[in-house]
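Model the placement of chain B on the given structure of chain A, informed by the hints.
2 protein chains.
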Amino acid sequence: MTVNDPSNTPSGMSPSGAPTALGSGAEFDIIRSIWSRLGARGANLGDDCAIVEVGGVRLAISSDLTLEDTHFRRGWLAPGALGWRAATAALSDLAAVAATPKGILISLGLSPELPADWAGELMSGVGEAAAEVGAMVWGGDVVRNDRIVIDAIVIGAFEADPVLRAGARAGDLLAVTGRLGGARAALEDLLGGRSPDVTAMERFTRPRARIAHAQWLRDRGARAMIDVSDGLVADAEHLAAASGLAAVIDRELIPLHPAAADSAMAASSGEEYELLVALPGDLAPTLVEPFAESFALPLTVVGVMEAGQGVTIRDHGHVVAESGRFSHF
Amino acid sequence: MTVNDPSNTPSGMSPSGAPTALGSGAEFDIIRSIWSRLGARGANLGDDCAIVEVGGVRLAISSDLTLEDTHFRRGWLAPGALGWRAATAALSDLAAVAATPKGILISLGLSPELPADWAGELMSGVGEAAAEVGAMVWGGDVVRNDRIVIDAIVIGAFEADPVLRAGARAGDLLAVTGRLGGARAALEDLLGGRSPDVTAMERFTRPRARIAHAQWLRDRGARAMIDVSDGLVADAEHLAAASGLAAVIDRELIPLHPAAADSAMAASSGEEYELLVALPGDLAPTLVEPFAESFALPLTVVGVMEAGQGVTIRDHGHVVAESGRFSHF
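Chains as they are written, first to last, in my numbering: chain A, 1 to 329; chain B, 1 to 329.
Treat the hints as calculated values from the structure; they're not laboratory data.
Errors might be hidden in some of the hints.
Beta-carbon label-pair distances, calculated as ranges [as the list claims (entries may be wrong)]:
(1) ASP69(A) to ARG73(B): 17 to 23 Å
(2) GLU202(B) to GLY193(A): 48 to 54 Å
(3) GLY55(A) to ASP219(B): 42 to 48 Å
(4) ARG169(A) to GLY55(B): 26 to 32 Å
(5) GLY134(A) to ARG73(B): 53 to 59 Å
(6) ALA212(A) to GLU159(B): 32 to 38 Å
(7) GLU159(B) to GLU132(A): 31 to 37 Å
(8) SER294(A) to ALA160(B): 43 to 49 Å
Ideal Cβ positions, reconstructed from N, Cα and C, are used throughout, including at glycine.
The following block holds chain A by itself, in its conformation from the complex:
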């Protein structure tokens, strides 16, 4: 269950705006209104995936809607990259609970103005993203529409218990995979009509769902996890809220993508699809090196879970911002 409120700028990440937090303002009203109507029929609504049991098998299911002019503009991305990105956004929800992807369906709204092979190229990108994580493309729906609509639906299974947002304990350390800010740096350049840095554009066009990384962390004691889709701070807030705790982030520790202007950009960059994980305090430092060796990707401790609520940002130990007042940090 994800909520984006991009208003009129793509990706929910207006260059000057603060990260949009789930649970705040109008978005929460919509969601509350929706789920209150469902009574007891809804399940696992707080997590990235619905986790359900069918015929004795536990499944993770998630859908992720990508809309032209809301999430991207035509011309920004080749159709193959668009397909890869849409599929990865949904697959990343499976990574967040340490599920194993099995299959993907794609519902497409396609404009008749598109070249004949456009949909084929898009599905080729979907197929590549699926193959990268061992999943199959199972089918979908195609409807004509003037603007492009892509809904990616993914289904995964579990080889062990899922890792949820709610499992963090006070004293756990928060760690993040990869380096943050590249996706947003590319988006800002695209919105500004500039040519993005090549490595930043790679983060925008070819993000990776951290499936194997999530299972590695689960097998070594991860207590709570979420994927960085809304931005490090916003997603830390979701994890903290679900766990009934506060998240404290040390901004000087945030691993920056080379194209990120500063830690504020890195902390608010959405659609990174890295993992934010809560690990027992004594365990986290011992995992950093083996993780980097296994995946050629950094795992960086960026903060700690404490009693309280919301997110606090520190700089070398001094509090510089708290929940709801991030726009100026």
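Chain B alone, transformed into the frame defined by chain A:
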């Protein structure tokens, strides 16, 4: 897997147009281009559902995209009816293979102009349609968009082998549930700015997924099945193509909804969500009465499967139209 080509009129059913057949023209090119890119990774692409195995359990999965101005116009339907309809369109794909619905996810694109409770009302309609067939609402995605996007994703399980489109044999009789043409009569009135007949509007706003009916027919020997989403003739063509046979339909036998102008309207009325089923020739006549008694709904023999291909329409034994030339029958 469904394909709609409504061009600029809602529902793929322009009042004067012929039914749109899957496998003809531009739509087929799109689909062929899409699936050709997927190599061996796609599965069961010809049927209404993807039928897949996860963890030893066989699942039916389908997605159905409903788009404002393509499938409906704002103001035609209350949000609850829109939710019911979108959910039922997807649930009907599960009926087509005689699966048992387990859960539904809804991806929503919502316009900020909508009243605060609009999404809640819509999801209430989704929840009612799910509850009607014993399914749960599992979650979804919400994104702001200027026009309404609803993708309904359904997952079902099997208590027995699925009934596919491909199982018909020469000599099987074709039967249809319910009475056809009401959905199209309502649509034509809505497009023409007239007030639809109440019972026709009920067919448009509150269609039913024939879940129990499909399982009843499966348990009694149904060989092939499809739901009437594109129209009786178009869907008969899909079933015939999958089975490698021709379908012959006797138009005087088509059961008409009271609001249907004639058999041509009934035969091309899409989104009816009734079942078209191929039954062994000696069996079909014996099921008509027990079916009607069980469900208070008619089961009507409308034609026969023969060697050949495409669809032939007869009137009292005389051929009046053949595949590709339905627009004047």
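Quick rundown of the hints versus the structure:
1. ASP69(A) to ARG73(B): 17 to 23 Å: For ASP69(A) and ARG73(B) the Cβ distance comes to about 20 Å; the hint holds.
2. GLU202(B) to GLY193(A): 48 to 54 Å: holds, 52 Å
3. GLY55(A) to ASP219(B): 42 to 48 Å: Given about 19 Å between the Cβ atoms, the range is violated.
4. ARG169(A) to GLY55(B): 26 to 32 Å: Holds, at about 30 Å.
5. GLY134(A) to ARG73(B): 53 to 59 Å: violated, 43 Å
6. ALA212(A) to GLU159(B): 32 to 38 Å: Between ALA212(A) and GLU159(B), where Cβ atoms are some 36 Å apart, the hint holds.
7. GLU159(B) to GLU132(A): 31 to 37 Å: For GLU132(A) against GLU159(B), whose Cβ atoms are near 35 Å apart, the range 31 to 37 Å holds.
8. SER294(A) to ALA160(B): 43 to 49 Å: Given about 45 Å between the Cβ atoms, the range holds.
Hints 3 and 5 from the earlier list are contradicted by this structure; the remaining hints agree with it.
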